[in-house]
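In this note's numbering, the protein residues as written are 9 to 508.
Source of the hints: derived by calculation from the structure; they are not laboratory data.
No residue lacks a Cβ here, since even glycine has one placed at the ideal position from N, Cα and C.
Incorrect hints may have been included.
[What the hints assert, rightly or not] DEER-style ranges, computed between Cβ atoms: (1) 468 - 354: 24 to 34 Å; (2) 393 - 253: 29 to 39 Å; (3) 363 - 493: 54 to 64 Å; (4) 486 - 354: 57 to 67 Å; (5) 458 - 182: 40 to 50 Å; (6) 421 - 380: 17 to 27 Å; (7) 363 - 461: 26 to 36 Å; (8) 70 - 264: 32 to 42 Å.
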Amino acid sequence: MHESDSGMTDQADKPKTETISVLVVDDEFSLRESCASLLRGEGYTVTLCGRGDDALDLIRRKNFDILLVDLFMSQVGGMEILECAQNDSPHSLVILMTGNPSVESSLEGLRAGAWDYLPKPFSATQLQVLIGRAAHAIHVARETQTTSERAPRDEAATSVQPGPKILGESEGMRAVIELAQKVARTDASVFLTGESGTGKELLAHFIHENSRRSSRSLVPVNCAALPEPLLESEMFGHTEGAFTGATKAKPGLLEIAHGGTLFLDELSDMPASVQAKILRVIQDGVVRRVGSTKVDAVVNIRFIAATNVDPLEAVRNGSLRRDLHYRLRVVPIHIPALRERRDDIPVLANSFLSEFWTNHRDGQDQEPYLSGEAMEALQRWEWKGNVRELRNVVEHLVVLASPGSEIPPSEIPFIHEDLDGDGGESTFGLDPSVLEADYHSAREMVMAQFERDYLDHIVRKSNGNISDAARMAGVDRTTLYRMMERHGTSRDKLLSDLRQ
9 MHESDSGMTD QADKPKTETI SVLVVDDEFS LRESCASLLR GEGYTVTLCG
59 RGDDALDLIR RKNFDILLVD LFMSQVGGME ILECAQNDSP HSLVILMTGN
109 PSVESSLEGL RAGAWDYLPK PFSATQLQVL IGRAAHAIHV ARETQTTSER
159 APRDEAATSV QPGPKILGES EGMRAVIELA QKVARTDASV FLTGESGTGK
209 ELLAHFIHEN SRRSSRSLVP VNCAALPEPL LESEMFGHTE GAFTGATKAK
259 PGLLEIAHGG TLFLDELSDM PASVQAKILR VIQDGVVRRV GSTKVDAVVN
309 IRFIAATNVD PLEAVRNGSL RRDLHYRLRV VPIHIPALRE RRDDIPVLAN
359 SFLSEFWTNH RDGQDQEPYL SGEAMEALQR WEWKGNVREL RNVVEHLVVL
409 ASPGSEIPPS EIPFIHEDLD GDGGESTFGL DPSVLEADYH SAREMVMAQF
459 ERDYLDHIVR KSNGNISDAA RMAGVDRTTL YRMMERHGTS RDKLLSDLRQ
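My request is simple: use the sequences and hints to build the entire structure.
As structure tokens, this is what we get:
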């Protein structure tokens, strides 16, 4: 373990450590002793163990708040100790130490429930920060439990407030919900993928509300919404005088999210320089505000990231740092597009209908309902905008519906485009037969139709004056005449057709 090269622990408030017990398990004597010396100096109660089987016995007999465990040891390794801790000491936070953090076993440990991992070799500062973050999480959990125990025991005071609902009966969504429930109980980072409108932010809220951090804030950040300098200032905060207009110091969203969850939406749109700084926060928990030369805060944050593009492709094209992707992708969850789970549309549509009727109408009015044909039309549609588009369509229907009425398919905004179509799939405004042709034939058909429509438009606009039409189109008269010849028409015939 390297000596600290920073006065970091003097810059931030230390957690109360005298009531935090730490078990250090490593078969390397010098590393165990170095950890013990540092942590005891910080006020922790430290127990040392050099063998994995002895550690199993200690965990079963005693309670430890933090387990600092080497992943690779002879006979009994870190994964077995992690499994034992989850069964016999579920409130303990397990930190895995490893000399090879890039291997799959490190990620496997985090997926299996480890709180974090510490790459070897590590500095005194890194150990202080990580154990400090774990200690803070333990104190937050204790405070939450104490508050709950002191609260009145009547039904109103003890009832659980409903969190965000994730609706879906399809096999794909059941798998998503099950995985989200599992990962919510840990502090592992989650990487959400899915098309725009599939509900990634809603799922992030669901994970947060079902985690032990639910009493703290979930702070969302739209990485695509702000230019680089403003995004950096919003994320990290700034000191007084850091730039023009910075008249006073301001904490950033990372400090606001301390103890809770930070949701990084559209991560691949985050500038590379900000990605590098975020990676450092994930690794060390240290925040330096824009314009600062010292550590301004040590934070304990759970990270959830999301993108609507293929993250591996984003890594390949350089819009997403590879190391940041791997740090955040401890548990990846992909949300399927709505057209891939059409069985979920009825339950979603009915839920949105009830929600919007309550929001827009008097509670005494009887709720309308979708006819069977209308529901079938919704299930046939392609839903390029996914759940967000479905919400908008249902809200439109609710606003125009009468109390207690049956909503027919003719009321659906898009229905005139495909009332008798082949499953509601978008044809891009083209005759469906075009899309059945091969690419080159389809292209020729589209171009031919465009030319004919353009001729109609330009001749009508010029009142049949071919010289004016050519000038407006930016071509010569000969080109227009050739186009007419290709379509078997003439100026007079076009004018005659348009007048009919």
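ask   = Is it true that the C-beta distance of residue 393 to residue 253 lies inside 29 to 39 Å, as the hint says?
value = Since the Cβ atoms of residue 393 and residue 253 sit about 37 Å apart, the hinted range of 29 to 39 Å holds.
ask   = Cβ-Cβ distance between residue 421 and residue 380: within 17 to 27 Å?
value = Given about 19 Å between the Cβ atoms, the range holds.
ask   = Does the Cβ pair residue 486, residue 354 satisfy 57 to 67 Å?
value = At 59 Å between Cβs, range holds.
query = Does the Cβ pair residue 468, residue 354 satisfy 24 to 34 Å?
reply = Given a distance of about 47 Å, which is not inside 24 to 34 Å, the answer is violated.
ask   = For the pair residue 363 and residue 493, does the Cβ-Cβ distance stay inside 54 to 64 Å?
value = holds (59 Å)
ask   = That 40 to 50 Å hint for residue 458 and residue 182 (C-beta), does it hold up?
value = holds (46 Å)
query = Honestly, do residue 363 and residue 461 meet the 26 to 36 Å range at C-beta?
reply = violated (42 Å)
message = Between the beta carbons of residue 70 and residue 264, is the distance compatible with 32 to 42 Å?
response = holds (37 Å)
The structure does not agree with the numbered hints 1 and 7 stated previously, though it agrees with the rest.
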